[in-house]
Amino acid sequence: MGSGKLELKNLYDDFRDPATIKALSRLIHAEAAKLNREIRIMEVCGGHTHTIMKYGLKQLMPANICFIHGPGCPVCIMPKERIDHAYILAMQEDVILVTLGDMIKVPGSKGSLQDARSRGADVRFVYSPLDTIKIAQDNPDKRVIFFAIGFETTTPMTAAMIARAEKLGLDNLLVHVNHVTVPEVMRELIDSRDEHIDSYNNRIDAFIGPSHVSVIAGAKIYEEFPQKYGRPVVVSGFEPVDVMEGVLMLVRQFVQDRCELEIQYRRSVTMEGNLAAQKQIEHYFEKRPLFKWRGLGNIPNSALKLREEYAHIDAEVIYRDILPIEEIEDHKLCICGDILRGMAEPTECQVFGTACTPQKPLGSCMVSSEGACAAYYKYGDLLK
Amino acid sequence: MTKTITLSHGNGGAENQALIHDIFWKHLGNEILDRGEDAALLPTLKNPAMTTDSFTVSPLFFPGGDIGKLSICGTCNDLAMIGAAPKYLTLSVIIEEGFEARKLERIVRSMKKELATNDALVVSGDTKVVPKGTVDGLFINTTGIGEVQAPGIGVRSIQEGDAIIVSRDIGRHGATIFVSREGLEMESALQSDCASLWPQVASLLDAGVRPHALRDATRGGLAAVLNEWAAANELCIEIEEGAIPVSEEVRGICEMLGFEPTALANEGTFVMALDPAEVPLALEILEAFPGCESAALIGTVTTSHPGRVVLESAWGTRRFLELPTGELLPRIC
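Quick note, the sequences are listed as chains A and B, same order.
223 is the number that this note's numbering gives to position 223 of the first sequence; each next residue is one higher, with no gaps.
477 is the number that this note's numbering gives to position 93 of the second sequence; each next residue is one higher, with no gaps.
By construction, these hints were calculated from the structure, which means they are not laboratory data.
This one's a predicted model, so the numbers in the text were calculated from it and none came from an experiment.
Everything hinted at is true.
Okay, the calculated beta carbon distance ranges per label pair:
{"id": "1", "chain 1": "A", "residue 1": "30", "chain 2": "B", "residue 2": "691", "range": "33 to 41 Å"}
{"id": "2", "chain 1": "B", "residue 1": "664", "chain 2": "A", "residue 2": "332", "range": "55 to 63 Å"}
{"id": "3", "chain 1": "B", "residue 1": "516", "chain 2": "A", "residue 2": "18", "range": "50 to 58 Å"}
{"id": "4", "chain 1": "A", "residue 1": "93", "chain 2": "B", "residue 2": "515", "range": "21 to 29 Å"}
Glycine residues also receive a C-beta, built at the ideal position from the N, C-alpha and C atoms.
Only chain A is shown next, with the shape it has when bound in the complex:
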């Protein structure tokens, strides 16, 4: 005792404490009882969806508090067009395609990277983009292409990898950039219009903002939502206690008739974020005018691409002659778009759990364990 030694378990034990979780549940019930309406909270990030389903937090909510599962899973939102790019690049002679493990089984129109590997492609999965440096050093006669995915959270790691490769003078490391950004898609979800009945009919009352994104980008990126759109935001951590506390803070805003941006995850999130990381991102990347999100369609300025000065390491530029640009339609029966807008529950989809399963996903939400459908499929949704 008293040695002050920090152990790994210190990082999560308290945030999964049963007594704290139960106490927060009681507080949410008490506060929510003061409201005579339903509050629909969108957790933007797939990590939150995973926590909510894995720890059964839905079961701890009063009837008038519900979750809408957002689009914040970088694997789920990756359109088939981009996965086809990865597949085509991987199948090139003398190419080693490197990406994060989550991408392995995501199907494009030609198959997944797992399929590419079984057909002879050299596909490698890393835990950190920086591991790609070593692969490039060990294989000087190959072109190593890093297929970069992720939100604001992972973008700095890709930037750091490029910086490191530059410093080492590595000339066989290319990047295919698929980094996306959170605020644009949140805006799109609020503004989205149902073509059939020609009305704005999203059902999102408030947001739980992903804390890891804000560790980098700062909480400031969410300021517009309370101010311009009348949607309160609480930036929360990913442990069950964090999510419960985030929900309580949101419910209290409604009870007290406030509409603000608040930070639950004070242990790492500031208003400004990590300015050094933001600067490095700015150095290598710029906004992409249009990026297609699987299930949601084209969203302006919602993704990043390499700046023109870095065209010499941009796999999209170098391989432009063989990478298709035609759009591929999402599966007709899939209702992922509606699920992401909070207009349907995964279980309302007619192919959920039948034609569409985590082993053979048709739609975006079933693809990664952070997708809403996959989380429902995996953890079920038992009653209290």
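Using the hints provided, position chain B relative to the given structure of chain A.
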């Protein structure tokens, strides 16, 4: 013996003889094997049981064991899990050209040690040497015959009301192999649980415990065993999540890499379904074995969600525990 194994060691001639004598017979020799016949002559066994398994683990040596220990434990444990005392094993080894003789001997020595733990003998064997690059170091197959000591142990004997016990903390083997794989630079004191289970099963049977079913939670981990049991009997297994023993090291690795301890492989951990009245005695016996101090009652067999496994959290929420899917880690055993 030469320092490395060459293709000539698999030629059936003098070098082949030397390999067999200097390494395999030297350590594994016994009355039946020493006869050197094409097939082993075995004494008559009452209620014989038979099983086979192949071993391809990478790396060959890992904290807490090696492929030799694993190849004996794996097959003997499969026998132990139907209540059979392991008796006789065959041993087939496919060796990559250029494999170090010293390493091979180290592997055979750990086989010897593990055979003694099980009171079992290798009675027949085969070695092949294949050109470099056609296997990764060494692949082993063992087939085992045992004698059933307590009839009726099996998946079909699980009943509503049964208690579910796990023999120790879970996930060590899978986590250890993951950490020791190249490319993952991580410091850890973690060791595989790789161990023979017959001594524990024998003690349980000797004390009069009559398990309804036993299963070592190898590939697919605890989640796979529970789901297979629930599906086979159209019964529900309800598990208290907080009661599942998981070491701090395994929990930490799972946190970092995003795994579930319940999906990680074990090589010396078993699950048992039994009459709840026998639980205190069974736990007392298990806890006396080194490593099994954390043996625990984790759940009950019910009829609430037939064919499914339900996990209950410490704060009262419930969810299904699914079969692990996808490519977690190849060549772990």
